[in-house]
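Build the full structure now, drawing on both the sequences and the hints.
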Amino acid sequence: MIGQTLRLKVAAVSDIAPGLRHLRLVAADGGKLPPAAAGAHIQLVLAGPGRSFRNAYSLVSRPGARDAWDIIVRRVPASRGGSAYIHEQLQAGDTLEAGWPGNLFAPVRTARRHLMIAGGIGITPFLSYLADFAMSGGEHALHVCCREAEKDVFAPWLAGRSGVAFHWDADGHRLDIPALLAAQPAGTHLYVCGPAAMNDEVIAAAAAAGWPARHVHCEHFGAAPAGGAAFRAFLARSGVEVQVGEDESLLDAIERAGVAAPCLCRGGACGVCVAPLLEGEAEHRDHFLSPAERDAGRLIMPCVSRAKGGRLVLDL
Amino acid sequence: MSIAFKPAETFRGDYSYRNSDAAILRFPFPFPEDRYMYSVNIEPHTRSGPSDVYLHAFDVDEHYIAECRDKAITLERDPSRCQALPHMMMAQWDTLELLMESLSADYPELFSLTKEGDDFGSRWTWVNRPLGIEQSFVFGDAETLPCEPFEYITRQAQGDFAICDQRDDNLYMDAGMVTSQADWSLAFDVGMSFMEWHGPVPLAHQAGVFERALKYLLMLRLGQPVRRLNWTMSINPRLDTSPESYPEWGPDRASVTPANAGHKVHLRVELQTLWRLPRSNAILFPIRCYLASLDDLARVPKWGKRLHRVLATLPPQLVEYKGLTRYLPAALEWLARHDDGAELPAGTEAGVSALAPR
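Protein chains in written order, with the working numbering: chain Z, 1 to 316; chain H, 1 to 358.
In case anyone wonders, no lab produced these hints; they're calculated from the structure. Just so we're clear, the structure is a prediction, and the values are computed from it rather than from any experiment. Even for Gly, the Cβ is constructed at its ideal location relative to N, Cα and C. Just so you know, nobody snuck in bad clues.
Quick list of simulated restraints, FRET-style, between CB atoms:
(1) Z:Gly-239 to H:Ala-336: 48 to 58 Å
(2) Z:Arg-294 to H:Gly-199: 20 to 30 Å
(3) H:Glu-109 to Z:Pro-195: 47 to 57 Å
(4) Z:Pro-212 to H:Gly-351: 52 to 62 Å
(5) H:Ala-207 to Z:Arg-174: 45 to 55 Å
(6) H:Arg-221 to Z:Arg-294: 24 to 34 Å
(7) Z:Arg-174 to H:Ser-122: 41 to 51 Å
DSSO-like cross-link-like pairs, simulated, lysine-lysine; straight-line CA separation at most 27 Å:
(8) Z:Lys-9 to H:Lys-115
(9) H:Lys-322 to H:Lys-215
(10) Z:Lys-9 to Z:Lys-32
(11) H:Lys-302 to H:Lys-322
(12) Z:Lys-32 to H:Lys-115
(13) H:Lys-215 to Z:Lys-308
Right, here's the structure in full:
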């Protein structure tokens, strides 16, 4: 079970509601997919006008599924390309590049009870949670806030699942978050996934009710994956200027330019790739440099860190 | 590929464990430089590296059968060497799946796994030819195995295994199979957080090594395992150097002389790998132990010389922490005879493809 990227084939496409498209993905070579946990997501590489996008989608298939993965993609009105591509162009039989599953939102196995609050399409990670709890027996409740018309959209994934309640914006149907939180037994873990305003409201309500922060978990769906604004880096010793794209690291760009850069972990921890910074301000994302070293502004870890301005000069 | 197992060798009593020439040449020698350096020496565990031991997800070598038997003896005497807290059942199945899939794919002539399906509830059949085991069971149903799934599969693997649950931005050692450890106790550490179980390590805390390592591990990706080497020394080729059995091996440290150090003193190298587990999101931490005597190592001239230099410059806190104080002078005296002071190339490779006769 070693690998980084996968070639997936779209086995089926179906529109489950206006603006919501369900994709079933299988391994393009007909083999098995790696198993993934509740809360896991995959990054898809999607063609867009003039460039490609990397978008992350929660897997809504049952945890551990190896024959096919299911995702639900909402068409973002101001789509920068990814979701529009899936809704307008992608067809059954097409193939896509994807990363192995990642998981930044796994359920806490020591929780006495799992309380999930979803806003709209934010239900997706919880569909795999429900499958997990049905199997592992975890005590749980899911509260979904959505438009009334949308409440039956996810019915195929909720058949036979217990502890699910829907709420919408009408008298008698709104979710009273403080009352819900007050009714939970000690040892409950709270998970929230929805629009930013809803996430903030739930997190603030939990804090106000005295919930320990480590019992409150939030997945910001739609958050930007690794990467950021494009910038340029001049490698002074090599005399090479490289363009660092939105979806690649400074280290990737340096390597692409054929400049030897030692590296090891590629995750900002080991310190092997640390490079002298001659000009420009770094946006530090590593775990290696000390606060004093960051303040001094003379070092950067190109595997994860980027430029705050448009350009950096490195002694490489 | 066929492995000539040595089923009769022992890791206690008469200590009949011996390395073949091939086993010496593939030993994961840990020192690339003449001076010892502390670092977060973590790298991707790809199927490549300066020794054959890196070529498979989980290395199986000529000591496999004998090591599994020694593990069974240790567990018989002290069942608390294998523990899993109740919330770790999903991670137990993850471990069983990872080991069965990896071993059967990497060593098809030794192991096979037949599945009627991939999901929990599917019937699987596992065949382990070196140990003469055939087991049919239901994946996800512990009642269909002779013991819990983590114990079942790690009894059939060389080395120790810990499983770390990830929560609160921390790792907790919530399960383990620990029978070949370098003087640490699972019964003491089980349930501890990352900083707690590393508490006794000198020097590295101040260098910030553990903060960095923890942050890195919290982001460990499925499908992208990483590895590092750790090392210490043992007197006699003994796997079970645990605090629980200290009276059986501790006094041996006083038996080393410059005359007998060559066969008594062993370099003990741990190939530690770290795997994100798919269903539980926990991290599996296998610790695979390799033992080579000073006699073995000196047959690779580069290694004999380098080991002498590294040990001669080891900081005193590390000498104490690794428990070398009592016998290090004798080992150094023995190694000095094999070090002519010649400059050595960097790197851990043996630099020879065959050994001179013993």
